[in-house]
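Chains as they are written, first to last, in this note's numbering: chain G, 720 to 1040; chain H, 1207 to 1479.
Check the hints yourself; a few may be wrong.
Derived EDC-like pairs (lysine to aspartate or glutamate); straight-line CA-CA distance at most 20 Å [stated by the list, open to error]: (1) G:1024 to H:1470; (2) G:1024 to G:1005; (3) G:767 to H:1440; (4) G:755 to H:1476.
In silico contact screen, one side only, chain G against chain H (beta carbon under 10 Å); selected entries [claimed, not checked]: (5) 753; (6) 758; (7) 781; (8) 855; (9) 1006; (10) 1009; (11) 1010.
It should be emphasised that the hints constitute simulated quantities derived from the structure, not laboratory data.
A virtual CB, placed ideally from N, CA and C, is assigned to each residue, including glycine.
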Amino acid sequence: MFRLYGCVFFSKKEIRFASINFIKVFWCKIVMEELKELTKVELKNLDKIFYPKINVTKGQVVEYYIKMSPKMLPLIADRPLVLTRYPDGVDKEKVSFFEKNAPEGTPPWVKTKTIYSETTTRDINYVICNDLDTLIWLANLAAIEIHMPFSKVNTLDKPDFLFFDIDPEPPATLSDAAEVALLLKDKLCALELTPFIKTSGKKGLHVVIPIVPEHTFEKTRAFVHKIGIELAKESDMVVSEFKDTKKPGKVFADYLQNSPLRTMVVPYSLRSTPEATVSTPLQWAEVKKGINPSDFTIFNVVKRKSNPWKNIFEKRCKLEV
Amino acid sequence: MAQENLEKEERVSASAPRRPIWSGSVTIGLVNLPVKLYPMIYDKGVSFRFLHKVDGQPLKYVKMCTKDDKIVPWDEVVRGYEVAKNEYVTFDNKELDAIKPESDRQIRISKFIDYFSVDPVYFGKTYALMPDKSKEAYSLLLTALERKNKAGAGRITLRTKEYPALLHTYRGALVLTTLRYAYDVVNPQDFEDLKKLKEPSKTELDLAIKIVTDLSGEFDITEFEDSYKKRVEEIIEQKLKGEKIRVEKPPEVEAKSLMVALRETLKQLEKQQ
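Using the sequences and the hints given, assemble the complete structure.
If you want it as structure tokens, here you go:
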């Protein structure tokens, strides 16, 4: 008698458990159905951990890129993108890879552009991200870091950005890089140029100047190099040559990326740091001593109201070289 | 599709028990069909044993006197029926045994009904009936019920309790499902919450119906899985290997906040253009 009763009692509990589960499954299905109506991307494994140290899931990464898209999309449109994918999350022991070619299974609605690569002597089919769906698709591919070149796809050999990579060598820090960036800013403003700044998301800063795309990379690279040399003369902290980059405590004003299909990490891209830091556009007023990369992460960048790089292409400068 | 599901079900079904728990006969009017009754339903949930944290030894339940907290041996235990606050009428085991209904080893079928006319809320436990001696008579009843799509309604006494029961067919076998009494089932209309239930608006109803239609499909029991049980088993595996356990957020939270973010962002992007 006792045993039979015991079983009946247990099965009631089981029924209750099953129905709660059923509601969960049902609710989840409804949500996934609604998601399907909102995006063409078939989202998968949203609960997978992408940043193990801070327990950030793939779903949170996708959500981050969705929320940042209004600021991001105008900045990365019409550029061939280079991706760094972390299919098993950001973890030194797990695989990650650079990807230039649009991966197999790229849906037909994703815009791509085939560009012949002279160094590898073959065609590369680059992804171009002009809409939210493509951005979500990239996040769904675990393309956590996105990089872009300094020219648009139809004028590949005519850069529309000058790029200064301010890269501190330890023990120099982001704070030192900020000091150099401010020197650089004064210099550029004196030349009546309009510089914009973002954190690299790692230890450095990126300063860019939007320009009318009419010069070659040779010209822009030489111009950036020249400014770097002048800075190095004025400040002991700055080095302008690649051979000096490993000198401890120095800040390198890197001009070398000003070349066709060389890239920088795109504004608002997440980085592959354990803390999920973000390459964050800043107001110049925010660039000061004591600035810290960990102030700009997946959690707090979404809350930033300001949009320092808004309408950046309307402020293009004409470069006299 | 349905056939596929059946095959999948067969692969994951529980294994058949060896021994019957009851033997007797199905009685329909003057006809007797000797049968054996086997359990068919299992609860393969997760179960834990309580252990003493300090030395890992299993714990047991004991009956303790509420007055002096001393352990009371079984032969000093009687059953009490509370008639008023703190007033009991007592029974010892012998007295109760004497009045318990004896199983008459019969499943008495009084009529045949449409199986689907019994609501599943009444279903208790299901047992498999296997032929005892006469396979012909078993096959005859089975085939007749299958042809007519009917079930026999009657009663059975199992151990010491009498149940209403349904004799029906399931995958080419006769099975018996015990039923609950009407007084053991709540009428949901007795809940206050259902009073003055509002009629849904047409648009809302259309949306709900659309969701239901879109999500319509065939039922496949193998799609369901006790995710808690699975997770516990995974963790046991990991613990045996000495791995660390990470607590993860349930996936539906992700999907929900994504949906909200997407809706808002789409609106924002529309404005930008």
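Each hint tested on the structure:
Distance hint between residue 1024 (chain G) and residue 1470 (chain H) is fulfilled; the C-alpha atoms sit about 15 Å from each other, no more than 20 Å. Only pairs whose Cα atoms come within 20 Å are accepted, and residue 1024 (chain G) paired with residue 1005 (chain G) is accepted, the gap being roughly 14 Å. For a cut-off of 20 Å, the pair hint linking residue 767 (chain G) to residue 1440 (chain H) stands: about 16 Å separates their Cα positions. Using a Cα cut-off of 20 Å, the hinted pair residue 755 (chain G) and residue 1476 (chain H) holds, with the two alpha carbons roughly 19 Å apart.
Evaluation of the residue 753 (chain G) hint against chain H yields a held restraint, the C-beta minimum of about 6 Å falling below 10 Å. Annotation: residue 758 (chain G) was flagged as interfacial toward chain H, and the flag holds, the nearest CB pair being 6 Å apart, inside 10 Å. Given the 10 Å rule on beta carbons, the hint for residue 781 (chain G) holds: about 6 Å separates it from the nearest Cβ of chain H. For residue 855 (chain G), the suggested interface contact is upheld, since its CB lies about 8 Å from the closest CB of chain H, less than 10 Å.
Proximity of residue 1006 (chain G) to chain H is violated relative to the hint, the smallest CB-CB distance being about 27 Å (cut-off 10 Å). Hint on residue 1009 (chain G) is violated. Least Cβ distance to chain H is approximately 32 Å, over the 10 Å limit. Interface restraint check: residue 1010 (chain G) against chain H, minimum CB-CB distance 28 Å, threshold 10 Å, status violated.
Going down the numbered hints, you'll see the structure goes against 9, 10 and 11, while the others check out.
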